[in-house]
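Novice: So the sequence lines, in the order shown, correspond to chains X and H.
Each residue of the first sequence is one higher than the last, beginning at 0 in numbering that gives the first Met the number 0.
Each residue of the second sequence is one higher than the last, beginning at 0 in numbering that gives the first Met the number 0.
Relax, there's no trap hidden among the hints.
Straight line, CA to CA, 30 Å or less: simulated BS3-like cross-link-like pairs of lysine-lysine:
# : chain 1 : residue 1 : chain 2 : residue 2
1 : H       : K27       : X       : K44
2 : H       : K108      : X       : K21
3 : X       : K44       : H       : K30
4 : X       : K44       : H       : K108
5 : H       : K355      : H       : K405
Derived from the structure by calculation, the hints contain no laboratory data.
As a plain string of letters, each chain reads:
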Amino acid sequence: MKKEDTVMLISAEGFEFVIDRKAAMVSQTIRNMLTGGFLETEHGKVNFPEISTTILEKICQYFHWSLQYASLWMYVMMQGMWGAWYPVALI
Amino acid sequence: MSSGQKKRNFQIEAFKHKVVVDPKYAEKTWKVLEHAIHEIYNHNASGLSFEELYRNAYNMVLHKYGEKLYSGLVSTMTFHLQTMSKSIEAAHGGSFLEELNSKWSDHNKALQMIRDILMYMDRTFIPSTHKTPVHELGLNLWRDNVVHSDKIQTRLLNTIFELILKERTGEVINRGLMRNIIKMLMDLGASVYQEDFEKPFLDVSADFYRVESQEFLECSDCGDYLKKAERRLNEEIERVSHYLDVKSEAKITNVVEKEMIANHMLGLVHMENSGLVKMLLDDKFEDLGRMYNLFRRVPNGLSTIRDVMTSHIRDTGKQLVTDPEKSKNPVEFVECLLEKRDKYDKIISLAFGNDKTFQNALNSSFEYFINLNPRSPEYISLFVDDKLRKGLKGVKEEDIELILDKVMMLFRYLQEKDVFEKYYKQHLAKRLLSGKTVSDDAERSLIVKLKTECGYQFTSKLEGMFTDMKTSQDTMQGFYATYGAELANGPTLVVQVLTTGSWPTQTSVTCNLPSEMLALCEKFRSYYLGTHTGRRLSWQTNMGTADLRATFGNGQKYELDVSTYQMCVLMLFNGADSLSYREIEQATEIPSSDLKRCLQSLACVKGKNVLRKEPMSKDIAEDDEFSVNDKFTSKLRKVKIGTVVAQKESEPEKQETRQRVEEDRKPQIEAAVVRIMKSRRVLDHNNIIAEVTKQLQSRFLANPGEIKKRIESLIERDFLERDNADRRLYRYLA
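Using the sequences plus the hints, can you model the full thing?
Specialist: Shown next as structure tokens:
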């Protein structure tokens with residue numbers, strides 16, 4: 000994975016979670032952080048001094064789940080309608 | 000947690016924060032945010048941590064300090080906007096708009112960032128307190144502090160209008176900049192755009208075009224003015240597409256249309272030497288098309304054009320139709336009408352987009368003036384006669400159809416179609432009997448067209464005439480088959496048997512045929528009556544022709560093509576060298592006016608004078624002496640002396656025909672009245688007149704006075720009666 004495709008989310012305890020940029024963008028707030036022209040945009044790193052590691056981990060899992068099943072839902076729909084698997088661009 | 004059997008509601012509790020006790024907490028937090036806003040407006044956002052600012056704003060709202068945050072936001076933003084405002088005011092001339100544009104762009108970027116960090120407040124505090132959301136707040140503050148500031152508001156509008164004026168006078172301006180500025184006004188809300196810009200813009204434009212239209216009118220003619228107006232209209236549409244709101248297009252085009260076209264419509268149309276009438280006369284299709292397209296946009300535009308065109312056609316048509324010069328030659332008369340119709344057809348199709356209302360106006364105008372000349376039906380029939388005699392020689396079939404269709408078109412305009420029918424019958428009879436028709440197919444084609452237009456009744460007699468000709472041919476074949484051998488050495492007889500009802504009525508005349516012919520004719524009569532009992536034959540000597548082989552004293556032999564009367568006269572000279580008028584009259588018993596004309600054609604026409612007259616005067620007197628002209632010569636072997644060509648009627652003939660038409664109308668009116676009364680039983684006077692006129696419309700225009708007379712006549716004959724109570728009511732008597 001290229002560096003440009005990932006972002007780093009840092010928990011209160013200092014754990015660094017490196018995840019897919021697309022996954023992070025599921026959150027509108029993080030999206031604004033990363034495209035706003037602030038400090039975070041430049042480095043691609045976001046600090047969360049008030050979010051504990053376990054919580055942040057769950058959040059990252061949620062991001063990925065959301066992406067996967069959002070697109071899976073699209074997959075399922077596609078198969079139902081046309082009876083074939085269509086590679087769907089992830090939204 | 001024992002559970003198992005007990006059901007428990009699954010609850011999710013909100014993430015609990017540490018409760019903050021610090022009283023200065025709100026102030027401290029706000030200061031951080033205030034500082035951030037300053038930095039954002041100073042283009043230093045990249046040094047700020049979004050997460051920190053977001054968290055601070057979140058905390059403020061959470062701990063019920065949303066109000067402080069909001070009002071702080073308002074005052075900080077206002078402060079910056081006022082600074083920007085001063086900087087814009089300070090800009091000189093040309094850079095005013097650029098400065099405004101650049102500060103607007105800065106403000107938008109800042110606003111977006113601020114909204115992002117205050118997102119939580121935007122989503123929770125603001126809706127619950129019904130305050131203006133951040134983005135909208137930013138726009139409103141900009142509007143109030145910058146756009147509506149005293150020093151900027153008027154200057155902005157004036158600058159914009161200056162630029163637009165420059166562009167209207169041909170200079171190039173910075174359209175991109177204009178687009179951004181106008182878009183700014185649009186973003187601030189429809190009311191800002193409309194009140195602050197659009198309304199004044201429309202007013203200023205109206206003034207501009209009002210002045211310009213006056214200038215143009217003074218120095219251009221109609222065609223040029225319209226070109227300029229069109230150009231201005233297109234310019235404005237282009238302007239809108241480049242830097243104004245799409246919704247303004249309709250409004251500004253209305254302004255241009257009103258000022259440049261609607262206010263000057265009549266002036267343009269009636270402009271001397273270049274207005275509508277001149278354009279019509281000169282077939283200026285492009286100018287006319289432009290006028291049509293421009294006038295279509297304004298109320299009453301097209302009806303103005305239509306009215307002027309109609310009155311022009313009516314006037315020139317009336318002139319054409321009542322011009323005594325034109326009336327001298329019927330063929331020319333009709334050709335002028337056709338030419339006129341073609342001209343306007345072309346104009347309507349090329350310039351007026353085949354507009355049906357214009358087509359209708361053209362038709363009604365033609366109907367109006369064609370019927371102003373009571374001889375129109377006669378002339379149209381003569382035109383057709385000329386074409387069918389020789390005019391269509393060598394013309395292709397499709398072209399023949401074209402010409403006949405055009406004739407039909409003129410026919411439709413006639414109100415007195417029964418007059419046309421009478422003349423047509425006369426002319427057709429002459430054509431058939433003299434065998435002078437160029438194309439049988441063309442004749443029949445025209446009959447079919449008349450039948451389609453007017454119904455079977457109109458053409459049944461005409462068709463009867465054709466049938467008679469055919470039947471006569473068959474009869475002649477039968478006659479010669481029976482008597483062929485006997486008659487081989489005598490003169491050849493060709494008879495056309497005409498059914499009285501179908502052909503134009505003729506009065507029977509006296510005429511003594513030469514003995515050679517008499518015997519032959521009697522033989523035919525007995526042959527015919529042998530096969531057709533119960534009929535009566537009478538010879539129409541005024542309509543026949545004869546071919547004579549003549550040998551003159553100088554040894555010249557000629558074949559003479561003459562009328563029956565002329566034949567009778569000439570045959571007399573087989574038995575006498577010289578005869579006086581009185582003697583000829585006695586011998587032939589031809590009526591004197593016909594005889595005089597006949598002798599004139601034989602003796603007084605140069606190149607055809609087979610007889611010599613003493614004295615050599617033009618008029619025929621009782622004592623004139625006639626003899627064969629032995630010195631007669633001609634270039635042709637066959638000499639035509641007959642006079643059976645259809646001509647324009649003389650005055651007395653015209654009166655006679657007109658009288659006959661009137662007589663024919665009486666029974667038609669009566670039949671219509673009876674028909675109507677039979678189905679309605681009871682009807683009042685006005686309604687009867689209306690119904691009768693409607694029924695007879697396709698043949699002629701019924702005169703109400705005449706209808707009244709016919710009703711009186713029917714009452715006398717007990718077809719109708721007057722109601723006892725109401726004198727205006729009529730009742731049908733079975």
